[in-house]
Amino acid sequence: DSGVTQTPKHLITATGQRVTLRCSPRSGDLSVYWYQQSLDQGLQFLIQYYNGEERAKGNILERFSAQQFPDLHSELNLSSLELGDSALYFCASSVVGGRALSTDTQYFGPGTRLTVL
Amino acid sequence: AQRVTQPEKLLSVFKGAPVELKCNYSYSGSPELFWYVQYSRQRLQLLLRHISRESIKGFTADLNKGETSFHLKKPFAQEEDSAMYYCALKGQGGKLIFGQGTELSVKP
Numbered sequence: 004d005s006g007v008t009q010t011p012k013h014l015i016t017a018t019g020q021r022v023t024l025r026c027s028p029r030s031g032d033l034s035v036y037w038y039q040q041s042l043d044q045g046l047q048f049l050i051q052y053y054n055g056e057e058r059a060k061g062n063i064l065e066r067f068s069a070q071q072f073p074d075l076h077s078e079l080n081l082s083s084l085e086l087g088d089s090a091l092y093f094c095a096s097s098v099v100g101g102r103a104l105s106t107d108t109q110y111f112g113p114g115t116r117l118t119v120l
Numbered sequence: 082a083q084r085v086t087q088p089e090k091l092l093s094v095f096k097g098a099p100v101e102l103k104c105n106y107s108y109s110g111s112p113e114l115f116w117y118v119q120y121s122r123q124r125l126q127l128l129l130r131h132i133s134r135e136s137i138k139g140f141t142a143d144l145n146k147g148e149t150s151f152h153l154k155k156p157f158a159q160e161e162d163s164a165m166y167y168c169a170l171k172g173q174g175g176k177l178i179f180g181q182g183t184e185l186s187v188k189p
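Heads up: the protein sequence lines correspond to chains A and B, in order.
Position 35 of the first sequence, counting from 1, maps to 38 under our numbering, and the rest follow consecutively.
Position 56 of the second sequence, counting from 1, maps to 137 under our numbering, and the rest follow consecutively.
Some hints here could point you the wrong way.
[To be verified] Pairs of lysine-lysine, DSS-like flavour, derived with a Cα cap of 30 Å: (1) A:K12 to B:K90; (2) B:K96 to A:K12; (3) B:K188 to B:K90.
[What the hints assert, rightly or not] What follows is a list of derived Cβ distance ranges for each label pair: (4) A:G6 to B:A98: 29 to 37 Å; (5) A:K12 to B:S93: 26 to 34 Å; (6) B:I132 to A:T18: 26 to 34 Å; (7) A:T23 to B:T149: 39 to 47 Å; (8) A:G19 to B:S121: 28 to 36 Å; (9) A:R116 to B:E184: 41 to 49 Å.
To be clear, the hints were calculated from the coordinates, so they are not data collected in a lab.
Ideal Cβ positions, reconstructed from N, Cα and C, are used throughout, including at glycine.
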């Protein structure tokens with residue numbers, strides 16, 4: 004157990020809908036990352052938050068947004084869902100984030116499996 | 082460009098045989114590299130970090146800057162090693178850039 008938790012484990016929804024995925028980082032970690040794992044694209048970085056502020060953006064669609072709250076948990080919002088959004092969404096956390104601290108390592112949560120029908 | 086390449090999609094070996102999972106990277110600067118393992122599409126578990134030069138579950142990996150490689154090795158494969166293995170490079174801002182993964186299948 005990495006200490007990173009994600010809810011829900013599974014989500015089945017229809018095209019056009021909106022869902023929210025939740026992540027709680029390890030105790031003491033300030034940085035949260037979101038990744039998408041799909042069969043065709045592999046593991047792709049979406050977005051990173053550090054202590055409530057957006058720090059970096061990757062291949063994140065405009066229909067997707069995220070935020071990190073004062074208690075450091077993070078939510079990833081996916082709207083106007085399409086079939087191609089079906090994937091595993093992972094959250095990871097680390098103490099600091101960035102490359103400033105070479106020992107800063109990302110630990111992953113169990114993921115949320117999203118199925119869009 | 083920052084990139085990680087794992088040339089083998091699938092590697093199949095017999096129990097007790099040596100294993101080498103290949104990883105090549107492209108990065109200007111000093112790379113930070115990791116190996117993660119994923120069993121049955123569950124959570125990604127950290128296996129190795131190149132900076133710590135540790136050995137986990139008998140796996141080792143050496144950073145070769147000349148060949149821009151970070152291959153994962155184990156002298157004697159076990160059936161429980163069967164999983165997906167991902168090589169990752171810490172990119173700009175700390176995000177991880179993953180290779181496409183190699184599925185290791187260890188046959189009895």
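Status of each hint after checking the structure:
Annotation: proposed proximity of K12 of chain A to K90 of chain B holds, straight-line Cα distance about 27 Å (limit 30 Å). At roughly 33 Å between alpha-carbon atoms, K96 of chain B and K12 of chain A are farther apart than 30 Å, so this suggested pair is violated. A threshold of 30 Å between alpha carbons decides the hint, and for K188 of chain B with K90 of chain B the separation of about 17 Å falls inside it, so the pair holds. Hint check: G6 of chain A to A98 of chain B, Cβ distance near 35 Å, so the stated range 29 to 37 Å holds.
Evaluation of the 26 to 34 Å hint for K12 of chain A and S93 of chain B yields a pass: the beta carbon distance comes to about 30 Å. Checked against the given bound of 26 to 34 Å, the beta carbons of I132 of chain B and T18 of chain A, roughly 44 Å apart, lie outside it. A C-beta distance of roughly 40 Å is found between T23 of chain A and T149 of chain B, which places it inside the suggested range of 39 to 47 Å. Taking the beta carbon of each, G19 of chain A and S121 of chain B are about 31 Å apart, inside 28 to 36 Å as hinted.
Checked against the given bound of 41 to 49 Å, the beta carbons of R116 of chain A and E184 of chain B, roughly 19 Å apart, lie outside it.
Checked against the numbered hints above, the structure breaks hints 2, 6, 9 and satisfies the rest.
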